[in-house]
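> Residue strings, one per chain:
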Amino acid sequence: MITTSAAFIIVVEFGSVLIGGWLLSSYLLKVYSTKRTRLDRIFGPIERTIYYLGGVNPYEEMGWKAYLRSVLALNAVEAAIGFVLLLYQGSLPLNPMHAPDMSWSLSLNTALSFSSNTNLQHYNGGSALSYMSQMAVIQFLQFTSAATGLSVGIAIFRGLTGKTKGLGNFYVDYTRTLVRVLIPLSGVTALILIFLGVPQSLNGYTIFKTLEIGGSEIVKSGPIASLVSIMQLGTNGGGYFGANAANPLTNPSQITNLFELAIMMLIPTSLPFLFGRMLGRMKEGRTIIVASYSLYFIDLLIAFIPITHIGQGMEVRFGAASSVFWTVTTTAFTTGSLNANLSAFNPLVILAGFFGMIIQATPGGIGVGAMYMLMYVIMTVFIVGLMAGRTPEYLGTKINASDVKLAIIAFLSHPIIILIPTVITFAIGAQVAVGLGTNSLSFTQILYEYTSAAANNGSDFLGSAGNTVYFNVSTGIVMWLGRFIPIAVMLAIAGNMVQRKRYASEALRTDTLAFTAVLIVAIFILAVLTFFPFLAIGPILSYLEGFKNGF
Amino acid sequence: MDSEPHFAVTKFKITKPKLYKMAIIKDSIRRLSPTLLYKNVVMFIVEICFVIVAVMAIDPSLIPEVSSISEVPFYIEVAVILILTVWFSTLSDSIAEAQIKNTASTLRKIEKEVPARKIVSEDRREISEVTSKQLKKGDLLLIKKGDVVPIDCEVMEGIAMVDESLLTGESVNVRKSVGTTVLGGSMITSDSIIARVSVNPSDTFLNKLIRLVESSSRPKTPNERAVSILLAGFTAIFSIIVISILALSIILKLGLDLSVLIALYVSLLPTTIGALLPAIGISGINRMSEKRIIIKSGKAIEAAGDTDSLLLDKTGTITRGMRTAIEYIPLGKHTKRDVGEAAFMSSWDDDTPEGKSMVELAYQEGFVPHEFAIIERIKFEEFSASTRKSGASLQEASEFFLPKGGKGILQHKRIRRKYDPESREDEIDIIKGAPDAIKGIVKTVPLNFDNIVDEAAKSGDTIMAIAEGGEIIGLIRLRDEVKPGIKSRIASIKNMGIKPVMITGDIEVTASSISREVGIDDYVSRAKPETKYDLVKQEQSRGRIVAMIGDGTNDAPALAASDVGIAMASGTEPAKEAANMVDLESNPAKIIDVVMMGKQILMTRGAVTTFSIANDVAKYFVIVPVMFTAVALSSLSKLNLLHLTPHIAVLSALIFNALIIPFLIPLALRGAEFKPQSAMRIFLKNVFLYGLGGVILPFAGIAAIAFVITHLGGI
Amino acid sequence: MKKSNSLTVPIRIALVSLVACGILFPGVVTSIAQLAMPVQANGSLISFHNTTIGSSLIAQDFNYSGFFQPRNDSASGLDPDITVQNATQQASKIHNVTGISMAYLDSIIKENTKYTLFFFGTAYVNVLDLNINLAEHYPAIYDRYSV
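Residue numbers (the numbering used here), protein chains in the order written: chain V, 1 to 551; chain B, 552 to 1266; chain A, 1267 to 1413.
Derived coverage of chain V by chain A (criterion: at least 3 residues anywhere in the stretch with Cβ under 8 angstroms from a Cβ of chain A; other residues may be distant):
1) 48 to 60
2) 181 to 194
3) 211 to 217
4) 319 to 333
The list that follows gives simulated cross-link-like pairs (lysine-lysine, DSBU-like), each with its CA atoms no further than 30 angstroms apart:
5) B:K1236 <-> V:K283
6) B:K850 <-> V:K501
7) B:K850 <-> V:K163
8) B:K590 <-> B:K850
9) B:K847 <-> B:K687
10) V:K501 <-> B:K771
I should point out that these hints are in silico values taken from the structure, not numbers from a laboratory.
Being a predicted model, the structure only gives us computed values, none of them experimental.
Don't be surprised by glycine CBs; every beta carbon is placed ideally from N, CA and C.
Whole structure, please, built from the sequences with the hints as guidance.
See the structure below:
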């Protein structure tokens, strides 16, 4: 069924993402290196101003604890700023539509959501947010959470490559990420999006008389392009409107659809290359990129088993196939912006979405996706590596009991923060408040809600219906735990590893395709082992029963 | 020369304990007690599950939401299989421990009570006859030629040749001088010594080994600890999953039976590796002790598996450690034949390897004196460690006699008196030995003798001088030969990715020629005693795990610094203290076995872990589709790949889960098959065998069990 | 080495980020957009008879059965497009109501057909494009209904 032109487009899309990622990685290598580059002349003064204003000593080298403390402190302050601005948005400027103050629980949920790079939305952005909130809360946190994710990813890379004394300086990484990567790239992206038809204005919503006499429509124009650019580039998700990237104003055409997908994949795709460059061994990066993309393609295969026709909840201009493609990709990159309504899809598409959010490294979100992949590599190297008859080693250092313990904690935290709140929700009957029952589809939706929250994905079935105190608070907690427990644990592993000496050894080689294949299977088995019973009574049952409610 | 004397290992006859031995069964049942079992978390949980299902079988009405009275027979079956699972695990522990106790008692048999001469007076005149058991550390002993050394002791006075064959199975005499250790059980074959007891009878290495293998409290090795953490992690994950399923099932009314959930739980738990992990560790120590290697810590076995660099002494490890004559060098007016014949004559009664080789070389070159049969060797002076020479006195005999040993080519030769017939002197002394030793006792020394000797020694060979009738007539070149089979062993080592480094005090030429001969790329020539330590440090600074062997006090720092230090039991006390393994057989080549065994233990642990986790995939697909009886089973049953009914599915999975433990006990005790290959090849082979096999085998196994129990009926 | 103050630094850096990312960035982008690409920046507004009748990007409601109708079940609820199949079905109804020839209706559908770039290639048309076309060509019919 795939036509030549479709195949051509797929090749161009993935080709440009991979080439773009590869090129970007060589730029990123310069960004995060301590060596002086020509770019310092442009960016140096800006960064020095920021260090001066922030009181940062850029020469301070941080161990993992200091790095983590800074990550947590900065993100907590930023989330608090977001919380306060939302709580009082009604009385703040740039509110031409007079959006009212947000409730405390929704403010909390939104602040925790965007600061954790999740962007789960329990509100309808088109009507519930002022311009000020869209900019100074949503866009602000989308930038900062993406910068945090990328910085942490880089710090972990440094720890594993072991070429530095410490993990770097978080404030320097964060500032450089913003100044040299995210703001310039988002700027260019935003201008391209505007050129392709995405609005960018602060003129308020305008009501127009439509073609038919008596008809009228509101054109909800606003600072949309600037938001969409960082939302995709920083694998944030969410959207200016409730309907995310389905709304024609955020994603007006097929070209913007492909472009937005590509920029979403860009940075996560570049990081394995960057890892290879930092190590000086591109083949180690190849292991990660091949493993991530293979798992991503497995997701796509699952999603394309059923033939999806254009139906309710999809946009005609994208077509069914690209809606499925977008949904799988947005979960695989844990972005979570949707270009269609999840209820529109075959349960197998939802299942593929689950896999993306369970694995979180296919290739996953900005910075953290590569981090999760390294967690899997450490676990896999340890489990199967013993079979080579040597103490397992990765990148020339031995994997010890403490690394295994930490990797297990990171891995274990994910099912815990998904399953426990899911069980509690049904135990206290909280699902009733959002119009759900005790059937298989309801179970899928609740499980999806917490999986999405824990994976910092942000796509969900509930949408603004989820605006209850229970769901706001519980998903808020899950989003932050899902974000910062693995970050803390992986920083600890990196911090422990950074000081260890590296040696070329004859142990199991992780830069081979054979190991990559084992890694892929191991990740898949780990994911299946953890979630199979729940997926069985959720999307799998729905699929087998042919969309019926189940139970 | 045809056999491999240096690799020969006296095999202990270790009788394998039989499964039906009542003692093992009793011990394994004793181990079912929760107070003993709690240390093995996975098995402890299975036992708790057994208790829960047993309670359900007794009174199903206690938890009506998740149990039913009609299922009582099923609960009984599940409970029985669960406790059997635990028992299989304790059984594997019991067998492993029985095996190791067996080894210990075999070792104990070596230790016999031996009479000893204890010096009791200051002037060493008074001696009391005691037995070895009565000795204590510090006692002074007189040990004479022919005595069995009663206990490990350090030579204080005298030099002696010692036969350690009782301990090592090799009848090679070792020279022991002041400061060296003689081992209890070895025999003095020349001279006599005064020695000080260096250990209390309860602290001999043999005893230490017995105690180590018998003690049940064994500290976990780093890898074992990491595997335990991994297992704890998986146990935690599955616990959370199962508790969540239980809660959801009750809330959403999925019609789940607790016994089925417990069956799923136990099937998913890493029971196989959980059950076999202790046995794998114990059996590793056991296999080491079977090879007569005392391990001071389990950590060293793992480090042995990780070895990157292997430091090998040339002498004794790569070469035989004994020299053979390869050339006769005449001096002055003498001919090669003169030297050869003299060497032949003087060595005929010499049983040292050197002596034998001289006779052999003379045969090969045709230097057998025609007068041989009429010459009577009236006196033979054995090689003495203190004089560093040996010799023979010859006299014309009146009758023919055949050379001993049936070297029949001489039988009918006419004998002509070679030696100056005019001479009144009818007795001729032939002495051979170290050039400087010979120089001191002869009348005439050739001009430039020292220079000639030095020149001859340049190639790295050992040079002996030979004197006849008080005149040095020539030199004998001896060379230490490469051990047979060492080349292929070096190749195996390199295949495993380990870098062998040869250390020798020899000059560059010798070192390079020998290392080339056996295929070693790295060598250190002209090594001084401290070179080993420097080399260990240098290799370690490159992050390499270094294994080495040593015996002298000189080696102690290097042994202490190396990751795997194996001291020869015949070595000095400081060396043994510094090392983390002691080889009772003092066979340096065994280091290669130690490395392989270390790898095997790591591999076995990894293989069973991978297999255990891979098994879970099949168990999920067998149990989950039949688990929720209230859910439209017809739909989920599409996932039921084996099409089993709920009861059969659950029981088959549980039985498979239990049976796989005894099935794998031999693997745990014997170790996974190991061939010296690169890490990557071993890895891929094992991934297929235990990873892929671990996914596929349970499907087949469960299907087979289901077939059996279906056809047995009654279930 | 002087350590960054762990208390004040996060607050100061957060405030700097707020200004840079939350105010300056969207502000600068908006300014450039309004200067350089005002049409797109303001929502791609569309005119009919010199009156702005809203954005070409979002669906408009049509009550009169002589107009093509948009879908009202889609993800955003604003989907301005319908499939060609759907348009063709509606055409016969419009033909019945207005008497406009099927040939003409088919021709404007064909003229305005776009294709999805991806895989299964659903062909689609923009409803507003069709209706503007009808209103321009058949003022007699549509003047009563259109602005």
